[in-house]
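Chains as they are written, first to last, in this note's numbering: chain A, 136 to 430; chain B, 63 to 434; chain C, -14 to 253.
Incorrect hints may have been included.
To be verified - The calculated lysine to any residue pairs, modelled on SDA-like cross-linking and capped at a C-alpha distance of 25 angstroms, are:
hint: 1; chain 1: A; residue 1: Lys138; chain 2: C; residue 2: Tyr87
hint: 2; chain 1: B; residue 1: Lys137; chain 2: B; residue 2: Asp64
hint: 3; chain 1: B; residue 1: Lys137; chain 2: C; residue 2: Tyr87
To be verified - To spell it out: a stretch of chain C is covered by chain A in this simulated footprint if at least three of its residues, at any positions, have a beta carbon under 8 angstroms from a beta carbon of chain A; those stretches are:
hint: 4; segment: 32 to 40
hint: 5; segment: 53 to 59
hint: 6; segment: 140 to 146
hint: 7; segment: 170 to 177
Calculated from the structure, these hints are not laboratory results.
A virtual CB, placed ideally from N, CA and C, is assigned to each residue, including glycine.
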Amino acid sequence: MLKALTDRFGLPVSVTILLLLWFWLIVLVILPQLIMIDYSFRPNLLPAQMGGPEDGYTIGNYQTLANNDIHRTIFFKTIWSSILVTFLTLVVCYPVAYFLAQLASTRQAMLIALLLVIPYWINEILRTFAWYLILAFQGPLNAVLLGLGFIDRPIRFLSGDSGVLIGMVYAYLLFMVFPLYNALESLDPNQVRAARNLGAGTIRTHWRIIIPHAKPGIATGCIMTFMLAAGSYAVPALLGSPGSRWFTQIIYNWFFEGGDWHMGAAYAFVLLILCIGFIALVMKVFKIGLGDIGR
Amino acid sequence: MDSRVQLQQLSMSFGDFTAVHPLDLDIRSGEFFSFLGPSGCGKTTLLNIISGFLTPTSGTVTIGGEPMASVPANKRPTSMIFQNLALFPLMTVAENIEFGLEVRGISKPERRKVSDRLLELVDLTGSGDKRIDDLSGGQKQRVAIARALAVEPRVLLLDEPLSALDLKLRQHMRSELKEIQRRTEITFIYITHDQGEALTMSDRVAVMSAGRLQQVDEPMTLYQNPATPFVAEFVGENNRIAGEVVGNDNGRVQIKHPSLGVLEGISTEAMAPGTACSLYVRPERLRLVGEDASPVNRLQARLDVVNFEGAFLMLESSIEGLSDPLKIQTEHSTMPASLTKDHPVSLVFDPADALVMPESAAEGGGHAQGLD
Amino acid sequence: MSAQRFFHYTIRVYLVVFFLYMFLPLIIMSLATFNDSRFPTVWPWRDTTLRWFGELWADTAMWEALGTSVVVGFGVLALAVPIGVSAGLFLSTYQGRAKNFYYSLMLSPLLTPGVIIGISTLIFWRNLGVSGGIGLTIIAQTTFIAAYVMLMVLARLQRFDRTQELAAQSLGATHAQIVRRILLPYLKPAIITAAVIAFLQSFENYNTTLFVRGFDTTLTVYIATKVRTGLTPAVNALGLIMIMVTVLAAVIYELLRRKDLDKAGKGT
Ligand SMILES: Nc1ncnc2c1ncn2[C@@H]1O[C@H](COP(=O)(O)OP(=O)(O)O)[C@@H](O)[C@H]1O
Ligand SMILES: [Mg+2]
């Protein structure tokens, strides 16, 4: 490893590269995760109890999660809602990415890309805040719906999960559009023409030719969206209500209200396992490797 | 300035694969020396060893009498021109040329003097401030040459530098390179798979095949006295007739071909009767004759193709029993007007113009310079 | 009308709806800045005013949070850019068997939820006696922002013609001179955009920062707090300004990227 580097960069630069790399990978990436896992298997002790008989490894923190009905329900709701968000985002984004990659002229494509990039760079908190204003009880959405006569009474969007779902789809759209676009862009339009020629209709062409080609993009987009949704704190904090809490909010409470970091670490580790599991599942279903992610 | 390049028992292996078999070679000071061989025969590998980019598996490189084993690439008295030129696109033409001096800590005005002189040498006076992207292919070529010369190397290494140019420019650059070499008196080591390039520019040429040296000689000698069947076939056009030795006296060899009968040629080595061999005769040494000509080395053929090549005609004619058609080069004037396609023709060649070589020479290539 | 024509027509209508969906919320939020109402809304419209910009200007807590964000942003930039460049150089050089492993490991912070990066950083450093604050925020954000830098540097390195390095070496350049004169100038555009993106990523980060910020408040955290407690259109004014700054940055970034693509397209 050092030889390959010194042959190219010489010793001083190579050593600098390796030191920075190791600092990043060991001190910032690996060790914190390991310590967090270690933490999650230890009880929360008073200073006096440290080193005492109770100071050892335990799965008690995980049992708490398994036995607490409310937390368990919220955990499963988080999974289910994140899957729903992922699916909705995919459906909303697919036509846009397809148009951008295959149908748009160069000028259209440039314009659309710019229109997509701009909101992408706007703060997640601000994008969420915008929906907070729209969905407010006395906000413009209710006003429009009332004015058009669709409803007689304003709806409390912000007290259930619907606000959270809408906000998440909006916030994470772009993490789906760009991977999809990257995958679809490499599709040879002649393949589509050939399929048409052979008599396949629009839907069949998409199902049999285009979507299989976009698989790596779909997988990357789904992984990113699911990870962002399941791990989101901002959106449920702003658009949710006390009755519609997200798993991350419980974790936060263990840290900053419950004061039990060990419990929080256990919950966080469960969330991490969930995301890793989802990634593994998607990679297996779509038959892709980690190398395909991130282009 | 001594800029001899000596290779001793030099070889290179990549894992199990031997790209260069052990070879010895002595390149003279101030010589224009070429390595000629088909792509993949190990030319670039050899050049990379001389320049220091690769460490040979065995053997030594000596430049001007100094062993190079412990001298890193950036300290060797060589400089290299790459197949893709590898100009620095973010620097101007002058900055490219001055790069080698800049890294040696030479002052700006000094560098400017050198680059101005070199730009003049390569006919690019006044282009110093241009961007690399704004140059044509031929101009880039010259910048690469100037850049390599700026560091005053004792040996200039050139890896197929003309291959990216179109035919006209390529031919023009040949004479220009030769001219620059003559004026600078630097040793040029040039590698190419194009025999035309090698034969026109070089003082001497080493023909390589599959990691082995086949023959090292002056271009004329390579053409007239190829040492191996490979050289006979690779350098210039040649006709090959395979057979078996039947007689042998004083350099004259008779061979027997199953359907063409006995043919006669010359050979530099003694071959026992029964040895499998090949007879080579150049297209310009085959003559069209009437029925009444001498019966020695006469072949009956049928004319297949007449190619007009400008100064001469190149004919192809097939012979029963030979897999490849014979090529015959002839003047317009000696070509009877009555001869057309599908016409039977008689061909003869002088035994002194036909070289006979044993088949086994094809593998080793041993007797020229290779040593295994 | 053929099915295909119908499809193309539908998809265009869909695009219009999609972009309305993308931009309407942002427009509404921006408009609400100018409504003279205590709560930010565009309905009902009371009176057009600029006073919320004034209130924002006078908000010392906002200025303090902005200062914190800028300090954190530059800190992340100073740490993540060298790390990301090193990682890119490493991956483009090392060809051993473990290359895929290293790549996956370097990518993993991008696939880990931000809250978990925050939590693990918080726990790890507390064991070493370091508690939450600006320093820890910089470290936590660097963990994943370095991976973005790595991806950008790697993408550019993949288009690099390495014979340039051999050419420089043959002209007498040392390794250090090759890095300084050939490699870094080539990487410069990627490093600049990576720096801009690293700063923006840091600036807008919420999920990770929330856990490691200690008693320090970044601008993003400040906005979130304001939305939940004490929301006034001053928040919209801040949002509007931030949108304008980001749009400007995005446009500059796009232009830089195009220029960079043009250059690469011509090649040598
Ligand atoms: N680094 C390497 N690893 C393995 N094989 C190599 C390497 N470099 C060259 N070779 C092999 O060595 C042979 C000679 O290559 P090269 O010297 O580039 O040929 P030439 O320049 O004559 O076309 C080729 O078969 C090539 O595949
Ligand atoms: Mg080569």
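Verify the coverage statement for the segment 140 to 146 of chain C against chain A, using a C-beta to C-beta distance below 8 angstroms and requiring 3 or more qualifying residues. violated (count 1)
Take the segment 53 to 59 of chain C, compare each residue's beta carbon with every beta carbon of chain A, and decide whether three or more fall closer than 8 angstroms. Not satisfied, violated; 0 residues make the cut.
Holds or violated: are the alpha carbons of Lys138(A) and Tyr87(C) at most 25 angstroms from each other? Cα-Cα ~17 angstroms, so holds.
Would you check the hint for Lys137(B) and Asp64(B), treating anything up to 25 angstroms between C-alpha atoms as holding? Satisfied, since the Cα-Cα distance of roughly 17 angstroms is no more than 25 angstroms.
Counting residues of the segment 170 to 177 of chain C whose CB is closer than 8 angstroms to a CB in chain A, do you get three or more? violated (count 0)
Is it true that the CA of Lys137(B) sits at most 25 angstroms from the CA of Tyr87(C)? violated, 34 angstroms
Checking C-beta pairs, does the segment 32 to 40 of chain C have three or more residues closer than 8 angstroms to chain A? With 0 residues in contact (Cβ-Cβ under 8 angstroms with chain A), the coverage given for the segment 32 to 40 of chain C is violated.
In this structure, the hints that do not hold are numbers 3, 4, 5, 6 and 7, in rising order.
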